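S.K.: Read off the chains here:
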Amino acid sequence: MQRAAVTGTGLPSDLVTFWNFFGGGDGARMTEMVADYQATYPDIPLRSTTLTWGNPFYTKLALGTLSRQPPLVASCHVDRLVTPVDTGLLRPFDLDELAEWGITEDKFFPRAWEASHRHGELWAIPLDFHPLAVYYNKPIAEQAGLLTAEGTLAEPVGTQAFEDMLAAAKDVMGTPSTGFLNDAAGHYRVFYSLHSQAGGEMVSEDGRTAILTKEVFLEVVSWMRSLTHEKELLVRTIDPGGAIANFVNNRFAFFFSGGWERPTFVDAGVDFGIHSWPKVYDKHVAWDGTHSFVIPTYDEDPARIASALHFISGMLERSATWVEGGHMTTWLPVQDDPRTQEIQPHYENLPVDGTLYDPQAWYAGSGGNLQTVIGQPLAACTQGHISVEDAYDQALAGLRELAATEPPK
Amino acid sequence: MTAEVKDRSAEAAKASVDAERAGKHRGRARPASGFDRMATAVVIAFGLLWLVPLLWALNTSFKPEEETTRLPLTWAIENPTLDAYLGVINSTDIVLWYGNSLFVSVMVSTLSVLVASMAAFALSRVPMAGKRFIFGAILLGIMIPSQALIVPLFQEMQVLGLLGTYWAVILPQVPAAVGVFVFKQFFDGLPAALFESAQADGAGWLRMWATIAMPLSRPAISAVAIFTFVWSWNALLWPLLTLNDSQLMTVTVGLATVQGEFGVAYAQIMASAILGALPLLAVFLAFQRQIVQGIANTGIK
Amino acid sequence: MTILRSAAVQRRPAARRTARANTVRGLLLLAPFLVLYLTFVGVPAAYGVWLSFTDSGLMGGGLGDWVGWGNYAEVLSNPQFWGSVRNTLWFLLLTTPPAVILALILAVLTNRMRRGRWFPRVAFFAPYVMPVSVLALVWTWVYSPALGLLTNISEALFGSSPAWLSDPQWAMPSIAIASIWGSLGFTFVLYTAGLQEIPTELYDAATVDGASGWQQTWFVTLPLLRRTTLLVTMLELIGALKVFDQIYLLTGGGPNFATRSVVGFIFDYGFTSYRVGFASAASLILFVFVLVLSAAWFATSRRLSKEDGS
Numbered sequence: 004m005q006r007a008a009v010t011g012t013g014l015p016s017d018l019v020t021f022w023n024f025f026g027g028g029d030g031a032r033m034t035e036m037v038a039d040y041q042a043t044y045p046d047i048p049l050r051s052t053t054l055t056w057g058n059p060f061y062t063k064l065a066l067g068t069l070s071r072q073p074p075l076v077a078s079c080h081v082d083r084l085v086t087p088v089d090t091g092l093l094r095p096f097d098l099d100e101l102a103e104w105g106i107t108e109d110k111f112f113p114r115a116w117e118a119s120h121r122h123g124e125l126w127a128i129p130l131d132f133h134p135l136a137v138y139y140n141k142p143i144a145e146q147a148g149l150l151t152a153e154g155t156l157a158e159p160v161g162t163q164a165f166e167d168m169l170a171a172a173k174d175v176m177g178t179p180s181t182g183f184l185n186d187a188a189g190h191y192r193v194f195y196s197l198h199s200q201a202g203g204e205m206v207s208e209d210g211r212t213a214i215l216t217k218e219v220f221l222e223v224v225s226w227m228r229s230l231t232h233e234k235e236l237l238v239r240t241i242d243p244g245g246a247i248a249n250f251v252n253n254r255f256a257f258f259f260s261g262g263w264e265r266p267t268f269v270d271a272g273v274d275f276g277i278h279s280w281p282k283v284y285d286k287h288v289a290w291d292g293t294h295s296f297v298i299p300t301y302d303e304d305p306a307r308i309a310s311a312l313h314f315i316s317g318m319l320e321r322s323a324t325w326v327e328g329g330h331m332t333t334w335l336p337v338q339d340d341p342r343t344q345e346i347q348p349h350y351e352n353l354p355v356d357g358t359l360y361d362p363q364a365w366y367a368g369s370g371g372n373l374q375t376v377i378g379q380p381l382a383a384c385t386q387g388h389i390s391v392e393d394a395y396d397q398a399l400a401g402l403r404e405l406a407a408t409e410p411p412k
Numbered sequence: 279m280t281a282e283v284k285d286r287s288a289e290a291a292k293a294s295v296d297a298e299r300a301g302k303h304r305g306r307a308r309p310a311s312g313f314d315r316m317a318t319a320v321v322i323a324f325g326l327l328w329l330v331p332l333l334w335a336l337n338t339s340f341k342p343e344e345e346t347t348r349l350p351l352t353w354a355i356e357n358p359t360l361d362a363y364l365g366v367i368n369s370t371d372i373v374l375w376y377g378n379s380l381f382v383s384v385m386v387s388t389l390s391v392l393v394a395s396m397a398a399f400a401l402s403r404v405p406m407a408g409k410r411f412i413f414g415a416i417l418l419g420i421m422i423p424s425q426a427l428i429v430p431l432f433q434e435m436q437v438l439g440l441l442g443t444y445w446a447v448i449l450p451q452v453p454a455a456v457g458v459f460v461f462k463q464f465f466d467g468l469p470a471a472l473f474e475s476a477q478a479d480g481a482g483w484l485r486m487w488a489t490i491a492m493p494l495s496r497p498a499i500s501a502v503a504i505f506t507f508v509w510s511w512n513a514l515l516w517p518l519l520t521l522n523d524s525q526l527m528t529v530t531v532g533l534a535t536v537q538g539e540f541g542v543a544y545a546q547i548m549a550s551a552i553l554g555a556l557p558l559l560a561v562f563l564a565f566q567r568q569i570v571q572g573i574a575n576t577g578i579k
Numbered sequence: 285m286t287i288l289r290s291a292a293v294q295r296r297p298a299a300r301r302t303a304r305a306n307t308v309r310g311l312l313l314l315a316p317f318l319v320l321y322l323t324f325v326g327v328p329a330a331y332g333v334w335l336s337f338t339d340s341g342l343m344g345g346g347l348g349d350w351v352g353w354g355n356y357a358e359v360l361s362n363p364q365f366w367g368s369v370r371n372t373l374w375f376l377l378l379t380t381p382p383a384v385i386l387a388l389i390l391a392v393l394t395n396r397m398r399r400g401r402w403f404p405r406v407a408f409f410a411p412y413v414m415p416v417s418v419l420a421l422v423w424t425w426v427y428s429p430a431l432g433l434l435t436n437i438s439e440a441l442f443g444s445s446p447a448w449l450s451d452p453q454w455a456m457p458s459i460a461i462a463s464i465w466g467s468l469g470f471t472f473v474l475y476t477a478g479l480q481e482i483p484t485e486l487y488d489a490a491t492v493d494g495a496s497g498w499q500q501t502w503f504v505t506l507p508l509l510r511r512t513t514l515l516v517t518m519l520e521l522i523g524a525l526k527v528f529d530q531i532y533l534l535t536g537g538g539p540n541f542a543t544r545s546v547v548g549f550i551f552d553y554g555f556t557s558y559r560v561g562f563a564s565a566a567s568l569i570l571f572v573f574v575l576v577l578s579a580a581w582f583a584t585s586r587r588l589s590k591e592d593g594s
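Chains as they are written, first to last, in this note's numbering: chain W, 4 to 412; chain F, 279 to 579; chain Z, 285 to 594.
What the hints contain is simulated information worked out from the structure, not anything from laboratory work.
All values reported here derive from a predicted model rather than from experimental measurement.
Some hints here could point you the wrong way.
To give an idea of the chain Z side of the interface with chain F (calculated C-beta under 8 Å), a few residues [to be verified]: (1) Ala-303; (2) Thr-307; (3) Arg-309; (4) Gly-310; (5) Ala-329; (6) Trp-402; (7) Val-416; (8) Ser-417; (9) Val-418; (10) Val-426; (11) Gly-497; (12) Leu-533; (13) Phe-571.
With the Cβ distance kept under 8 Å, some of the chain W side facing chain F (calculated, not the full set) [claimed, not checked]: (14) Val-9; (15) Thr-53; (16) Leu-54; (17) Gly-67; (18) Leu-69; (19) Ser-70.
Label pairs and their calculated CB-CB ranges [what the hints assert, rightly or not]: (20) W:Thr-300 - Z:Thr-302: 58 to 66 Å; (21) Z:Gly-494 - F:Trp-353: 45 to 53 Å; (22) Z:Gly-443 - W:Asp-17: 58 to 66 Å; (23) Z:Leu-386 - W:Glu-117: 54 to 62 Å.
Glycine residues also receive a C-beta, built at the ideal position from the N, C-alpha and C atoms.
Isolated chain W, as found in the complex:
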């Protein structure tokens, strides 16, 4: 290995290298899945490397490919596919080839399978999806009369019902029952869900024109701000770590995020449920994201591709472990397995009108610039630092700048 770096030759040709960005609870579960795969196939030389999440990961993936040292398989958010696909970083999957490994469309959650496509080709094998959800503390919700007969959260339909739900919990606890997470992503996910529910649009289909429907933005954000201000139903600001700590200690009745905090709360022994983000406006949709596997362009050797597909299908088969991490698996054979259904608490419903991925634009996606330019002014607004109008102007200006910038090439 080291000698290769001195002489400039490549990696051992049969080594399966897997780069991923999973830290925390996800990291623990991915390690478990990889270790289990390795235990099942002890003869496969395998090396899994966890790199820093977000932009640094995608930068490393590009630089690794330019260095002719890409991993055989990499993890990828499907909402980050635009740039790697359009710059020729990834190898598209061949459906016939996949079928040989039993990977076929009918075995996937359709929405995630669809989101893994671009320009009519399949670029990623989706592993999971994790739409925005409302975690609720069951004892508090019960005391506040918010549960159905089955013991799940009664869906609050419409702004009034949502406020009533927050108010009921506040009555029980005496303090606001939660808050919007004050990082850009936290605000972005809630906003994107609500804005889309109310029929707003952010950018044109090709991502090159900023839209950000003004009247919808003003309505949605005014409402969000009223919750933290006039109505005092939410705390003005809380960082993700603080919100998690409060939910763990029963000081918050709710927690707004994707399903991935499940292990934290399970480990802490909280009695809770996970309910998909409710229908507050006209359409029942919610922000969603998907982790997937991709194959960087490099090696066209069929044996190498076969090892990659073997590894990917091995991960899909082991995705019950992933479900424990709070994600929904896209792999229906596992999802439909009764044993998977026993992993509780878990998402008790999904948004009726579908889940929402980020727009297909180079600046969108997990840890991308879109979350920042929208999320930051929103956070400033709900905290009371700027007005709703100013938040709109700032968000639109940021969005316009991103949309006007040539995509990477």
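Using the hints provided, position chains F and Z relative to the given structure of chain W.
M.R.: Same frame as chain W, but now just chains F and Z:
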């Protein structure tokens, strides 16, 4: 500009040696004033303050994980353990990183000393045309921030096919203009007679460089070697761009890019930090005086 | 004497031959350095200038189209770029004056110590020999929201603590503190060397004249450290203009780009957005900044050395 640096460093180097002696003498001659005692107290207080973050990291690294998240924070450790260190060594490639860093840094410092001293010798001793121009061009190089070259240099390395190899990391660090200054200034100070007599004996320039100049230049060699070594060991941005395989990374890049599989295990993260700091810290403690002297000699980052 | 000189005159053609041979040999000695220097500094510098006039992409392979001054116009009209300039200057202001003053004070005080001078040397210098990634790991832990040492100290003292690295107001000062911690030792040592140049006789004379410790420091030490101060200030300034490593590791330029420096901007556009032509233009603008600053320093130190008569 750098001529200034160089002059000053020369003086500083000499002066500091003198002062070391003089200081001892002064200590005996002059009684300690109240001001001196106050000075000592302030300096020690600041020194301790400066060590706190490191000591806290060290303290955390010896705690079992469950003690690291206990509030209120405490320096006391109920069950001190080396588990975190074992965890890091088992779950990361840090041992490989040490080897990689060592190889890269040794190559950089050896090659730097060689090429810089040869160049400086020519500029200092060989009566040749165009010396001033060449020296000026090298001077200019000190002013180019290496960060401004990363983009074109990366593409050049791609064309050369060196990306992903140690050479991509090593070669650009070798032509360190500062090294040329340090050596030139040192060679300028050597008595001309030494070379004249050798020349009379028919020695060539290369031989004079190897047999006369270099053996007399131990301070300059150690200054340049130590600094190119430390800089190369600690370099982040360029190796971060060029080394992509986790097993080929240097300690600095590895710690910055690869998350061990320990997630939020603070004791392990701090153990990895301590392990990352250890080699150079040890070298520094062993060669304190020379290193500090070396800084005075070069006087430039 | 005369004989020697006439011999030299007679041997002039030979001397010319020797001079030419010397030039060739000198160039041979210079060759290893010069070849590497041209390959890894000269070529990329020239190539960078050229790239900056094209719309080349990182992944596209080959050069993009010629766009003239387009990239420069875009960089200079890009609010994100000016944001990064502002951040860099803010970092400079937060680090350079405190670091220089602190190092000066500590070096002067250390110089008054009778024994145990190794202690401040080790304490201040140890952080300097640590990889920046270690610095980042240690300070991320010190600043960590719930469990951080500084967070808890601040909570104990003031009842609350800023979100050191995630509050846009606090992120840069927090990075500055960590940076000063890491680099103080270097400046400290330069001052120590400067102090040791000051002849002991001056202090002896001052003592004879009845000057107190304070007075000696104020009237003898500080004026004679002027040139060291100029040097370290310059090194700090140039270092601050090029800041990247610790920011990249501590905040990645966030929150909301509040800590993205000029080099961070170049890195983001070049290696995350793949716009190498654009990033090269930004690099050249950075180079011009550094050059102007260096030239200003050159002029000032020239004048000072003349005043000092050295």
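S.K.: Look at each hint and say if it fits the structure.
M.R.: Hint-by-hint comparison with the structure:
1. Ala-303: This interface hint holds because 7 Å falls under the 8 Å limit.
2. Thr-307: Given a least distance of 4 Å, the restraint on Thr-307 of chain Z holds.
3. Arg-309: With a closest approach of 5 Å, the Arg-309 of chain Z hint holds.
4. Gly-310: 4 Å, holds
5. Ala-329: Holds - the Cβ of Ala-329 of chain Z comes within 8 Å of chain F, reaching about 6 Å at its closest.
6. Trp-402: Nearest chain F Cβ about 7 Å off; hint holds.
7. Val-416: Hint holds; Val-416 of chain Z Cβ to chain F Cβ min 5 Å, cut 8 Å.
8. Ser-417: Holds: closest Cβ of chain F sits about 4 Å from Ser-417 of chain Z, inside 8 Å.
9. Val-418: Val-418 of chain Z check passes; min Cβ-Cβ to chain F is 4 Å, inside 8 Å.
10. Val-426: 5 Å, holds
11. Gly-497: Check passed: Cβ of Gly-497 of chain Z comes within 3 Å of chain F, closer than 8 Å.
12. Leu-533: Result: holds, 6 Å to nearest chain F Cβ.
13. Phe-571: 5 Å, holds
14. Val-9: 6 Å, holds
15. Thr-53: 5 Å, holds
16. Leu-54: 6 Å, holds
17. Gly-67: 4 Å, holds
18. Leu-69: 6 Å, holds
19. Ser-70: Holds, because the Cβ-Cβ distance from Ser-70 of chain W to chain F comes to roughly 4 Å (cut-off 8 Å).
20. W:Thr-300 - Z:Thr-302: 58 to 66 Å: 60 Å, holds
21. Z:Gly-494 - F:Trp-353: 45 to 53 Å: 47 Å, holds
22. Z:Gly-443 - W:Asp-17: 58 to 66 Å: 60 Å, holds
23. Z:Leu-386 - W:Glu-117: 54 to 62 Å: 59 Å, holds
Of the numbered hints listed earlier, not one is contradicted by the structure.
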